[in-house]
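Participant: Here's the letter readout for the chains.
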Amino acid sequence: MAIEIDEAYFDALAETVIDGEDEECVKLVNDGLAAGVDPLEAVEKGLAKGINQVGVDFGAGVIFLPELAMAADTMKTGAAILDEKIRESGSRRMSHGTIVIGTIKGDIHDIGKSVVAAVLQANGYNVVDIGIDVDIDTFIQALKDNEADVLGMSTLLTLPLMTMGEVIDKLKEVGMRDKIKVIVGGCPVTQEFADEIGADAVGFDAQDAVVKLDGLMGVNRVHATAG
Amino acid sequence: METGKGTLLICCGAIANEVVSMVRHNGWDDLHIQCLPAHLHGTPKKIPEAVRAKIHAARGQFDDMVVLYSDCGTGGQLDAVLQEEGVDRIGGAHCYDILAGRDEFARMMADEPGSFFVTGFLARNFDRLVLRGMGLDRYPHMIGRFFRNYTRLVYLAHTDDPKLRMHAEQAAETLGLRFEMRLVGSGEYPQFLETRCGLNCR
Ligand code: B12
Chain G
1 MAIEIDEAYF
11 DALAETVIDG
21 EDEECVKLVN
31 DGLAAGVDPL
41 EAVEKGLAKG
51 INQVGVDFGA
61 GVIFLPELAM
71 AADTMKTGAA
81 ILDEKIRESG
91 SRRMSHGTIV
101 IGTIKGDIHD
111 IGKSVVAAVL
121 QANGYNVVDI
131 GIDVDIDTFI
141 QALKDNEADV
151 LGMSTLLTLP
161 LMTMGEVIDK
171 LKEVGMRDKI
181 KVIVGGCPVT
191 QEFADEIGAD
201 AVGFDAQDAV
211 VKLDGLMGVN
221 RVHATAG
Chain B
228 METGKGTLLI
238 CCGAIANEVV
248 SMVRHNGWDD
258 LHIQCLPAHL
268 HGTPKKIPEA
278 VRAKIHAARG
288 QFDDMVVLYS
298 DCGTGGQLDA
308 VLQEEGVDRI
318 GGAHCYDILA
328 GRDEFARMMA
338 DEPGSFFVTG
348 FLARNFDRLV
358 LRGMGLDRYP
368 HMIGRFFRNY
378 TRLVYLAHTD
388 DPKLRMHAEQ
398 AAETLGLRFE
408 MRLVGSGEYP
418 QFLETRCGLN
428 CR
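Residue numbers (our numbering), protein chains in the order written: chain G, 1 to 227; chain B, 228 to 429.
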């Protein structure tokens, strides 16, 4: 029996992200596609709603870290299928810009970075997550390959912090700095540090990343707040 | 409480064993130790104010105070508090950095980026501090997800204690990581205290 594409469907899809139910999410996405759901709507009204909720809940201390990580992973899995369909249909997802994001060389913490990636994707950015322990040249190459507008760098460790500054220096050296906005984040990253290395913004959590990036990209919207 | 005497060391509960045994071993009777809870580790933003509260509570009771915390992910906030309070600290990024020795820590990370470090204290309290501390006791299937980029567990052993070694080996097994042990003693802590407090190591 084909499912009905209505508010209840989108809510159920959001729930799979909130609960970190990968398999259920894939099933609902596929059932939805078979029933003719608009993949764009499935991202925006379903997956995005779920991950935004989880981001707010974690900020408010209501859920545990593994639940947050599960939600980010589920969002990523569901969005991969839907993005593929969006591409196949030839239509482009309305995007506020393309961001290449990764954890800097010397650090392999990945949960915070993955959450930021999922939340930015949910909020209309085209996100290219290039993983962990990323060196300077790999960042630069990925920015070129994806014709990116924004570079996002994450680290939770103090020791690799300065490498973030070196990536920005390299951007200048290859003449790309004017075209690329730079946003940084992670627990040891402060506003003073971001200013010191010449980044355009620092995101203190995923919602803050959306607010700051919207500011840099000139996007106007009402933002969700924690609490 | 004795007053007007000695130096207070304010340290993280996670390195309490190492610090206590170093102080005893060297016969540094003028050094007094007070610890903050090890679980603050997981919420570094709370460390600076917790250290400040300890400093305020101890003020006037000792000749001198030294903080044995590294930056510990506070993004310079601990240093800002210490500057306001006029108290200094050992350097370093985090306690593993100081315990292994900064050069050695950097070398191990460069050799194998997927290294995860445990102290004897962390090994003994692995379930409580690492698994429960991150909510992995509720979601054990997420252990693999958290540690998927890791390849080895390095036990920074203070002494060659077979019981602690067994705990560390068990932790490695739980995480599915290769086990390695490095005998590091008290790392850079003794040299720091020697210089800072004008003491002699035995
Ligand atoms: C979970 C965790 C781990 C997990 C990582 C799992 C994983 N797959 O990522 C495990 C247990 C494996 C781990 C390992 C280690 N960890 Co760790 N870890 C943490 C912990 C407790 C939480 C990090 C986290 O995921 N938080 C949840 C996410 C959502 O928050 P977040 O990462 O801060 O990200 C948010 C913001 O910072 C921001 N953000 C982050 N990145 C970006 C990027 C951009 C572009 C933007 C805009 C925003 C942004 O938005 C995010 C979403 O809200 C922190 C302490 C803490 N509370 O920060 C320590 C912490 C980061 N770890 C630390 C350390 C020392 C280590 C180890 C060296 C310890 C060890 N025993 O070996 C190893 C690393 C070894 C190595 N080879 O790299 C220290 C770092 C100290 C420092 N700054 O130098 C911390 C601060 C703990 C401490 N106080 O000592 N860790």
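No lab work stands behind these hints, which were simulated from the structure alone. Ideal Cβ positions, reconstructed from N, Cα and C, are used throughout, including at glycine. Treat the hints with caution; some may be incorrect.
Reference excerpt, derived from the structure (chain B facing chain G, CB under 8 Å, subset only) [as the list claims (entries may be wrong)]:
1) LYS232
2) GLY233
3) ALA243
4) GLY300
5) GLY303
6) ARG365
7) TYR366
8) GLY371
The calculated lysine to any residue pairs, modelled on SDA-like cross-linking and capped at a C-alpha distance of 25 Å, are [to be verified]:
9) G:LYS27 / B:ALA320
10) B:LYS281 / G:GLN53
11) B:LYS273 / G:ILE108
12) G:LYS212 / B:GLN304
13) G:LYS212 / B:HIS368
14) B:LYS272 / G:LYS49
15) B:LYS273 / G:LYS181
16) B:LYS273 / G:LEU65
17) G:LYS105 / B:LYS281
18) G:LYS105 / B:ASN376
19) B:LYS273 / G:ASP195
20) B:LYS272 / G:ASN30
21) G:LYS85 / G:ASP135
22) G:LYS76 / B:LYS273
23) B:LYS272 / G:PHE193
24) G:LYS27 / B:ARG372
25) B:LYS272 / G:LYS76
26) B:LYS273 / G:ALA201
27) B:LYS273 / G:LYS49
28) B:LYS272 / G:PHE64
29) G:LYS105 / B:ALA320
30) B:LYS273 / G:HIS109
31) G:LYS49 / G:GLU192
32) G:LYS49 / B:PHE406
33) G:LYS27 / B:TYR366
34) G:LYS105 / B:TYR366
35) G:LYS105 / B:LYS272
Participant: Could you run down the list of hints and mark each one as holding or not?
Facilitator: Each hint, compared with the structure:
| no. | hint | verdict |
| --- | --- | --- |
| 1 | LYS232 | violated, 35 Å |
| 2 | GLY233 | violated, 31 Å |
| 3 | ALA243 | violated, 22 Å |
| 4 | GLY300 | holds, 5 Å |
| 5 | GLY303 | holds, 6 Å |
| 6 | ARG365 | holds, 6 Å |
| 7 | TYR366 | holds, 4 Å |
| 8 | GLY371 | violated, 11 Å |
| 9 | G:LYS27 / B:ALA320 | violated, 45 Å |
| 10 | B:LYS281 / G:GLN53 | violated, 37 Å |
| 11 | B:LYS273 / G:ILE108 | holds, 23 Å |
| 12 | G:LYS212 / B:GLN304 | holds, 22 Å |
| 13 | G:LYS212 / B:HIS368 | violated, 34 Å |
| 14 | B:LYS272 / G:LYS49 | violated, 29 Å |
| 15 | B:LYS273 / G:LYS181 | violated, 31 Å |
| 16 | B:LYS273 / G:LEU65 | holds, 17 Å |
| 17 | G:LYS105 / B:LYS281 | violated, 36 Å |
| 18 | G:LYS105 / B:ASN376 | holds, 13 Å |
| 19 | B:LYS273 / G:ASP195 | holds, 24 Å |
| 20 | B:LYS272 / G:ASN30 | violated, 42 Å |
| 21 | G:LYS85 / G:ASP135 | violated, 32 Å |
| 22 | G:LYS76 / B:LYS273 | violated, 31 Å |
| 23 | B:LYS272 / G:PHE193 | holds, 16 Å |
| 24 | G:LYS27 / B:ARG372 | holds, 22 Å |
| 25 | B:LYS272 / G:LYS76 | violated, 29 Å |
| 26 | B:LYS273 / G:ALA201 | holds, 24 Å |
| 27 | B:LYS273 / G:LYS49 | violated, 31 Å |
| 28 | B:LYS272 / G:PHE64 | holds, 17 Å |
| 29 | G:LYS105 / B:ALA320 | holds, 16 Å |
| 30 | B:LYS273 / G:HIS109 | holds, 20 Å |
| 31 | G:LYS49 / G:GLU192 | violated, 33 Å |
| 32 | G:LYS49 / B:PHE406 | violated, 42 Å |
| 33 | G:LYS27 / B:TYR366 | holds, 22 Å |
| 34 | G:LYS105 / B:TYR366 | violated, 29 Å |
| 35 | G:LYS105 / B:LYS272 | holds, 24 Å |
Hints 1, 2, 3, 8, 9, 10, 13, 14, 15, 17, 20, 21, 22, 25, 27, 31, 32 and 34, counting from the list given before, are not met by this structure.
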